[in-house]
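Enquirer: What follows is the residue order along each chain.
Number of protein chains: 2
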Amino acid sequence: MHHLLRVSPQTVHWGYFSKAVAPALTVRSGDRVTIETLTHHANDDHERMVAGDPGAESVFAWTCEHKAVPRRGAGPTTGPFTYGEGEGVGVHLLTGPVVVEGAEPGDVLEVRILDVMPRPSCNHAFLGRSFGSNAAASWGFQYRDLIEEPKPREVITIFELDTTAEPTARAVYNYVWTPQTDPDGVVHPTIDYPGVKVDPATVRRREDILRNVQVPARLHFGTMGLAPAEADFVSSIPPSYSGGNIDDWRVGKGARMYYPVAVAGAYFSVGDPHAAQGDSELGGTAIECSLTGEFELVLHKKADLPGTLLEGLDHPLLETEELWSVYGFTYANYLATLGPEGQTTVAETASLDPAMRDAFRKLRRFLMTVHKLSEDEAIALMSVAADFGVTQVVDGNWGVHGSIRKCVFGPR
Amino acid sequence: MHHLLRVSPQTVHWGYFSKAVAPALTVRSGDRVTIETLTHHANDDHERMVAGDPGAESVFAWTCEHKAVPRRGAGPTTGPFTYGEGEGVGVHLLTGPVVVEGAEPGDVLEVRILDVMPRPSCNHAFLGRSFGSNAAASWGFQYRDLIEEPKPREVITIFELDTTAEPTARAVYNYVWTPQTDPDGVVHPTIDYPGVKVDPATVRRREDILRNVQVPARLHFGTMGLAPAEADFVSSIPPSYSGGNIDDWRVGKGARMYYPVAVAGAYFSVGDPHAAQGDSELGGTAIECSLTGEFELVLHKKADLPGTLLEGLDHPLLETEELWSVYGFTYANYLATLGPEGQTTVAETASLDPAMRDAFRKLRRFLMTVHKLSEDEAIALMSVAADFGVTQVVDGNWGVHGSIRKCVFGPR
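Order-wise, the sequence lines are chains X and D.
If you're matching positions, the first sequence starts at 668 in this note's numbering and goes up one per residue.
If you're matching positions, the second sequence starts at 668 in this note's numbering and goes up one per residue.
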């Protein structure tokens, strides 16, 4: 069975994972789904990334009378608001949730990414071309450590994606963020609430930037995963045991992600599409760029896991043609450790050191459980053949991934 | 001019960088040098990695009457000793120093690695075959976080390197470290002093380990660099601004490393040869395996640096065919920050977070100075195209590397 899930105010939820929202689609294990996703940064350049696009326009629609998707974030839904409904506690536009029939806690959902395609502009001035936005933002690693004036500052860089040959992205222009007033009259001096439309008249566009620089594209989904069990509405920002905002550029075409199912139905959502990102996502975002993915969802029942790759899996696992990766976080399950308030406080104690510790433990478990190595074998192998990298330092719950190449293993 | 620098007690120094030891060789800029290096772990399996090898035997020679290289480490040289002369404050066997004529502080030394070759066993039982040792050691990331008994423990795994086709390494056997008594009667309950010969009768070799596992080889030099200015004898363990124990597996054939010269003559040394290592060097070591390198040393005078890749360089820089990498450390120059005692205390405050900070700043400087980007351009580019990885978490001064691919830049 092949489904199509377009973006619309009814098929997206903004800024949170949730087991409590109405499913956008219900599928069976083995079904394929084409899923449109929108970047929550599209309004950084409305004319290139929203205007003329019926799906994007329907989702981003926001006037003083009508806000198509009012709640943005897991925060309060009754005012008065500081930033807006949901308070921006979570920022990513996610398509879904997709309920998988028969999924239960203890199962594992395999998400195969069969293809990833850019979403072209529908504005006649840019027809068929694809654009993305990079925000060097207040949550970036650089924000309190800048050397040029004014300090601090947030900067938006608009990129164009060229997919005619080997896909690359080139910068079009950038601008320093200036206070933006939303249709409800709230002024946003920084990027503190998603989907605020930047008024071009209020910013100074600098052209001719990053000359001769071409960024190799790495189309992928920054945020993808299942609804956690711990709370009904969970910020989309900190990644956790059921996935979410992992921000690994390897989660692209050909990849398979495995997620432990935490709630009945699994409640799979995907968004935060990226055209390119480096390990660490240093400035706070990737090239945030609307994409459409082709997915196949395969449910692995708890009883069938022993003896497979998925035995004992209680965290996300990536499989590509070349490697397996596990994801360590500052807190493996920050909701369990910090409680629901962790959604906003987790960033206060963000550190790579415990994330490295978590990644080490997860990869050791994988090698010992799945590859039947002794602890001594696993540690020797990790030391000489596993690569640990900085996934991100910008998502509150910082990430270190540990990867082991498949070629290391002969036939089992 | 082509030189050959063999290993011998006169051409190695053990466990430290030094501006004060007699040069093993003096070269001119542009000269080539074939340099033999020995792993300081060769005595983990004496019969495979030392026996019959005149160079290795001459260096490792140690009886109650004669210790060919008495000082091992930057520690005290007058007893009584806890571990031995030099006290193991620094462990790597380094070949050199090689003095470069005319090198002065402020210059940059470029070290081109033209080739890297394994050093075959000279023992008739293993003739022509190459071996290495991996130690899951007390300074490893896992040591206080083990799950199997006995805890804690150190484990040696001996690997054989197969270079007939695509080079790979396979485990031969492993053993848990047991107390070893050195020729001076000192008992080493852990791996606390380099070059102690393991008595095979005291350990239990476990064969048939890591079955069907083949580790892709990454021949490289873990420790390479110049003598720092801050002290006469500096532990080889913590990497710093003039290089040293960086432990990046990318420092292999075809790579160029650039080091700021800190003392007149540069005093280049190289060792800590590795057959393979993963990013993080998790257990404490790589596959430590004696190698011979073919090097070309090119001196770049301070006055010639402006406008080049090396302008403003005050830290190591890697260039390969694909990328440039900078190295962030917990402390960019731990000797300057912590004083000479930092050689032993730096590990107490080891953390990836400041190393990430340091790598970010160094890569930003590189992009702004060398590639003439504004800070905003540099940060956007880093966020979308630079990859930060965990170089090592075992060398006291922990490391994060930041890499940017050359293909990002068009013709300048």
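No lab work stands behind these hints, which were simulated from the structure alone.
Each hint should be verified, as a subset may be incorrect.
It does not matter which identical chain is meant; a pair holds if it fits inside one copy or across any two.
Subject to a maximum C-alpha distance of 30 Å in a straight line, what follows is the list of computed DSS-like cross-link-like pairs (lysine-lysine) [stated by the list, open to error]: (1) LYS734 <-> LYS920; (2) LYS864 <-> LYS1073; (3) LYS864 <-> LYS968; (4) LYS818 <-> LYS734; (5) LYS818 <-> LYS1039; (6) LYS1073 <-> LYS920; (7) LYS734 <-> LYS1039; (8) LYS969 <-> LYS864; (9) LYS969 <-> LYS818; (10) LYS734 <-> LYS1073; (11) LYS1073 <-> LYS968; (12) LYS1073 <-> LYS969; (13) LYS734 <-> LYS968; (14) LYS920 <-> LYS818; (15) LYS734 <-> LYS969; (16) LYS1039 <-> LYS1073; (17) LYS818 <-> LYS968; (18) LYS968 <-> LYS920; (19) LYS734 <-> LYS864.
Enquirer: Decide, hint by hint, whether the structure agrees.
Expert: Each hint, compared with the structure:
For a Cα distance limit of 30 Å, the shortest separation of LYS734 from LYS920 qualifies neither inside one copy, at 34 Å, nor across copies, at 59 Å. Taking the shortest alpha-carbon separations for LYS864 and LYS1073, neither the intra-copy value of 45 Å nor the inter-copy value of 35 Å comes in at or below 30 Å. Taking CA atoms no more than 30 Å apart as the test, LYS864 paired with LYS968 passes in neither setting, with 44 Å inside one copy and 52 Å between copies. Proximity of LYS818 and LYS734 under a CA criterion of 30 Å is satisfied in neither setting, with 33 Å inside one chain copy and 60 Å between copies.
With identical chains, the CA atoms of LYS818 and LYS1039 are at most 30 Å apart between copies only, with a shortest distance of 20 Å across copies and 53 Å within one. When the C-alpha separation of LYS1073 and LYS920 is checked against a cutoff of 30 Å, the pair qualifies both within a copy, at 18 Å, and between copies, at 24 Å. Taking the shortest Cα distances, LYS734 and LYS1039 never come within 30 Å of each other, neither inside one copy (54 Å) nor across copies (43 Å). Proximity of LYS969 and LYS864 under a CA criterion of 30 Å is satisfied in neither setting, with 45 Å inside one chain copy and 50 Å between copies.
Proximity of LYS969 and LYS818 under a CA criterion of 30 Å is satisfied in neither setting, with 52 Å inside one chain copy and 33 Å between copies. Taking CA atoms no more than 30 Å apart as the test, LYS734 paired with LYS1073 passes in neither setting, with 48 Å inside one copy and 45 Å between copies. Within a single copy, LYS1073 and LYS968 get their C-alpha atoms as close as 24 Å, which meets the 30 Å cut-off; across copies the closest is 45 Å, which misses it. Taking the shortest Cα distances, LYS1073 and LYS969 sit within 30 Å of each other inside one copy (25 Å), while across copies they are farther apart (46 Å).
In this assembly of identical chains, LYS734 and LYS968 lie within 30 Å of each other by CA distance neither inside one copy nor across copies; the values are 40 Å within and 63 Å between. Proximity of LYS920 to LYS818 under the C-alpha cut-off of 30 Å is found in neither arrangement, the shortest distances being 39 Å within a copy and 43 Å between copies. In this homomeric assembly, LYS734 and LYS969 never come within 30 Å of each other (Cα to Cα): the closest approach is 42 Å inside a single copy and 61 Å across copies. Only within a single protomer do LYS1039 and LYS1073 lie at most 30 Å apart by alpha-carbon distance; the minimum there is 15 Å, versus 40 Å between protomers.
In the homo-oligomer, the alpha carbons of LYS818 and LYS968 never lie at most 30 Å apart, since the shortest distance is 52 Å inside one protomer and 36 Å across protomers. Taking the shortest Cα distances, LYS968 and LYS920 sit within 30 Å of each other inside one copy (25 Å), while across copies they are farther apart (48 Å). Taking the shortest alpha-carbon separations for LYS734 and LYS864, only the intra-copy value of 12 Å comes in at or below 30 Å, while the best inter-copy value is 74 Å.
The structure fails hints 1, 2, 3, 4, 7, 8, 9, 10, 13, 14, 15 and 17 (numbered hints given earlier, in ascending order).
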